[in-house]
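*Asks:* Sequence:
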Amino acid sequence: MMKLIRNSALVAAISLAALSANPALAQKNKDKNKDQEAAAAPAAAPVSNVVQGIAVANLQAAIANADAFRIAQQQRPVTYKPQLDQAQARGNALEAQIKPMIDRFNAARQGTLTPALQTQLQGQARAIQELQEKGKQEIQQILLPVALSEAFVNEQLEEKLDQAVQKAMEKSKVSLLLQPGAVVARANAYDLTDEIVTELNALLPTAQLVPPQGWEPREIREARAQQAAQQGAARPAAAPAPAAAAPAKPAGPQPEGR
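The sequence shown runs 1 to 258 under full-length UniProt numbering.
Among the hints, erroneous ones may be present.
Listed next, with one range per pair, are the computed distances between beta-carbon atoms [what the hints assert, rightly or not]: (1) Arg90 <-> Ala61: 14 to 24 angstroms; (2) Gln120 <-> Arg186: 31 to 41 angstroms; (3) Ala61 <-> Glu219: 12 to 22 angstroms; (4) Gly181 <-> Glu155: 21 to 31 angstroms; (5) Ile54 <-> Arg90: 22 to 32 angstroms; (6) Ala64 <-> Val184: 17 to 27 angstroms; (7) Arg104 <-> Asp194: 32 to 42 angstroms; (8) Val78 <-> Leu113: 24 to 34 angstroms; (9) Glu155 <-> Gln179: 35 to 45 angstroms; (10) Arg235 <-> Gly181: 35 to 45 angstroms; (11) Glu158 <-> Gln129: 53 to 63 angstroms; (12) Glu133 <-> Leu113: 23 to 33 angstroms.
No lab work stands behind these hints, which were simulated from the structure alone.
Source: prediction; values computed, not measured.
We put the CB at the ideal spot given by N, CA and C, even for glycine.
Let the sequences and hints guide you as you build the complete structure.
*Replies:* See below:
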């Protein structure tokens, strides 16, 4: 095939040189080739050779581009402004508290590292690390309502995602849908993400921003259920109830029956 291509290119180059040298012949061949070009058109390589029935979709991108997700992203900083402000203030206070400790630590490192100084530096490093970890946990606890809101909105969209995918596949006549990671390369014509976003917008125009009291993400609920099931399986079976004792026979001789 490569040899044929090279020969064809060589013939084309020679023909081009001949036509350039003879304008009349060039015009004659130009008119003659019109019908040939029309006949050869179907054999030309198509611009986009799309196989119907196959598509690729980025489901995470579909959720992130859904109207419900974007609206929630815009509303969350307003709804949870107190928590965000509190977390920012705590972070600033933590930085102001830790910075002098870090400065003293770095200054002490410039001296001769005697055994006593190394012990002192290790203690300072532990104190800084413990303070940073404690502050991080405090900030995470402050921002817990914000994180729960994000998880709650995502879960509402995920619950509609399968239905949106099925509708998009049905409308686009797709029978096989792949994740982008499973494909080496593809043309844009195979991407079904936008169609899935359209269906998500129709199924869930807006999402509830604030989760109900006591709500937990699906991962935590499933982990709790699995833990409860494991504990139930590990619990020993109840001991069987003791059999009823036979009534005691009265002592002494029994009267004879009639």
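*Asks:* Does each hint fit the structure? Answer for all of them.
*Replies:* Outcome of the hint check:
1. Arg90 <-> Ala61: 14 to 24 angstroms: Between arginine 90 and alanine 61, where Cβ atoms are some 33 angstroms apart, the hint is violated.
2. Gln120 <-> Arg186: 31 to 41 angstroms: violated, 60 angstroms
3. Ala61 <-> Glu219: 12 to 22 angstroms: holds, 21 angstroms
4. Gly181 <-> Glu155: 21 to 31 angstroms: holds, 23 angstroms
5. Ile54 <-> Arg90: 22 to 32 angstroms: Since the Cβ atoms of isoleucine 54 and arginine 90 sit about 51 angstroms apart, the hinted range of 22 to 32 angstroms is violated.
6. Ala64 <-> Val184: 17 to 27 angstroms: Given about 24 angstroms between the Cβ atoms, the range holds.
7. Arg104 <-> Asp194: 32 to 42 angstroms: 56 angstroms Cβ-Cβ, so the 32 to 42 angstroms window is violated.
8. Val78 <-> Leu113: 24 to 34 angstroms: The hint (24 to 34 angstroms, Cβ to Cβ) is violated, given that valine 78 and leucine 113 are roughly 52 angstroms apart.
9. Glu155 <-> Gln179: 35 to 45 angstroms: Given a distance of about 20 angstroms, which is not inside 35 to 45 angstroms, the answer is violated.
10. Arg235 <-> Gly181: 35 to 45 angstroms: holds, 42 angstroms
11. Glu158 <-> Gln129: 53 to 63 angstroms: violated, 37 angstroms
12. Glu133 <-> Leu113: 23 to 33 angstroms: holds, 26 angstroms
In this structure, the earlier hints numbered 1, 2, 5, 7, 8, 9, 11 are contradicted, and the remaining ones agree with it.
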